[in-house]
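Protein chains in written order, with my numbering: chain U, 1017 to 1257; chain E, 630 to 847.
FYI, nobody ran anything at the bench for these hints, they're computed from the structure.
From the three backbone atoms N, C-alpha and C, an ideal C-beta is built for every residue, glycine too.
A portion of the hints provided could be inaccurate.
Stretch-level coverage of chain U by chain E, calculated; a stretch enters the list once three of its residues show a Cβ under 8 Å from a Cβ in chain E [unchecked claim]:
{"id": "1", "segment": "1089 to 1103"}
{"id": "2", "segment": "1111 to 1120"}
{"id": "3", "segment": "1165 to 1171"}
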Amino acid sequence: MIEIINVSKWFGELKVLDNVKETINKGQVVVICGPSGSGKSTLLKSLNGLEPFQEGDIRVDGISLNDPKTNFIKLRQKMGMVFQRFELYPHMKVIENITIAPTKVLNQSKSQAGKKAMELLERVGIPEQADKYPGNLSGGQQQRVAIARALAMEPDIMLFDEPTSALDPEMIKEVLDVMVDLAQSGMTMAVVTHEMGFAKEVADEIIFMDEGRIIERGTDKSFFENPESERLKEFLRKILI
Amino acid sequence: MNFEWQVISNNFFFLMGGLVTTFELALIAIAGGLTLGILVGMGRLSKFKFIYYPATLFVNLMRTQPLILVIFWFYFLVPLIIGRPIGGFTSAVIAFTIFEASYFAEIIRAGIQSISKGQMEAAYSSGFTYWQAMRYFIIPQALKNMMPSLITQAVVVFQDTSLAYVIGLREFLRSANIVDAREMRSVELYLFVGLVYFIVCFSMSRICKKLELKKGYA
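Can you make the complete structure from the sequences, with help from the hints?
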């Protein structure tokens, strides 16, 4: 469970997160949307300590990120992350991308990690790509490898930072399918995305952010059918043409 | 004017002995300079002031000194500090390692900066520490990007080692110099020395070209 308690953050003078409050319960899927520069990626990256914040607190399973004794290395092992630009390691084969963290961080044996990696590649539908380098895969395939890489650490929570926005349209579905499957398996997920179809299908809660604040939140019905704020109405008009 | 090339064959083993010393000095200086350079280059990117400032001071100090002066420093100063002579080869090795490290450091700093911030974030979010991330992901990629600059610098180190001549170290140039003092065949000897330097350095830069061409991942 993640508790975000009145979090604020500044980049110099600019306030990028403004008193953000949110709770993500175990097994929940929370979708965060909003215009670019609204602070949604910053919020996501603050959940696993990639972005520090100045005010408030974030607690992951009761562990405060503000506590100087908190071990971020340990904390992150339980939080997988998927990036907009995939961020696979280009000098390693697909299979090595997936096995390196389990072998080097969790000290699993090569064969154990390799077996698990192949299962994960099956799960995301590309076992035949195991021995290729990421550069030889399509964007959609690379993102699926990135998801498999994160899952290899057997995380409790998965964070997705605009996982489909760098993809060609015909590849978006193959990635979303994997994410839907993951959501339905009970994974706790925080997803920054504009894919409203995905939000409708699996989100337990949708948050709309603008200028560092959470403007509106809702389940899919209330969110899409009766948006309250003008800002959200305008945003939905733009993305749901 | 007539050439007497026998001076080369008559003193071939002596000259080659000098060349071996040159190679030894260059290889140790390259390996040591690169290792120290990686640490200093990372220090130049550190967010900790107590690491950043000493690393930056070191790089700026070394890069503003003539190499020959650095060689003198270590030759004359180190024995004074530690209270016993350390010999020409050792002092040259230390001087070259430290001097070249400052140049390698700047290449490495630029190479590390060429790797996107997202790679570090990906490594962190898988639970890697900073050092592990550097070791497994950032440095291997950065090294690949900087290979051409590193080889160019290695060629420079190889040429620079001839300056160890000034502290009497019997490297390649010094060996030719000794033969010349005895046989008075400057033109032949120094042409030969130049030819050997050309062959070694030119082959290294050809390798560098090849690497540049096949940059990028398979």
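Do the hints match the structure? See the list:
Taking a C-beta to C-beta cut-off of 8 Å, the segment 1089 to 1103 of chain U contributes 10 residues in contact with chain E, enough for the three needed, and the coverage statement holds. Residues of the segment 1111 to 1120 of chain U with a Cβ under 8 Å from some Cβ of chain E number 3, which satisfies the need for three, so the listed coverage holds. With 3 residues having a Cβ less than 8 Å from any Cβ of chain E, the segment 1165 to 1171 of chain U passes the three-residue criterion, so the hint holds.
Of the hints listed earlier, there is not a single one the structure fails to meet.
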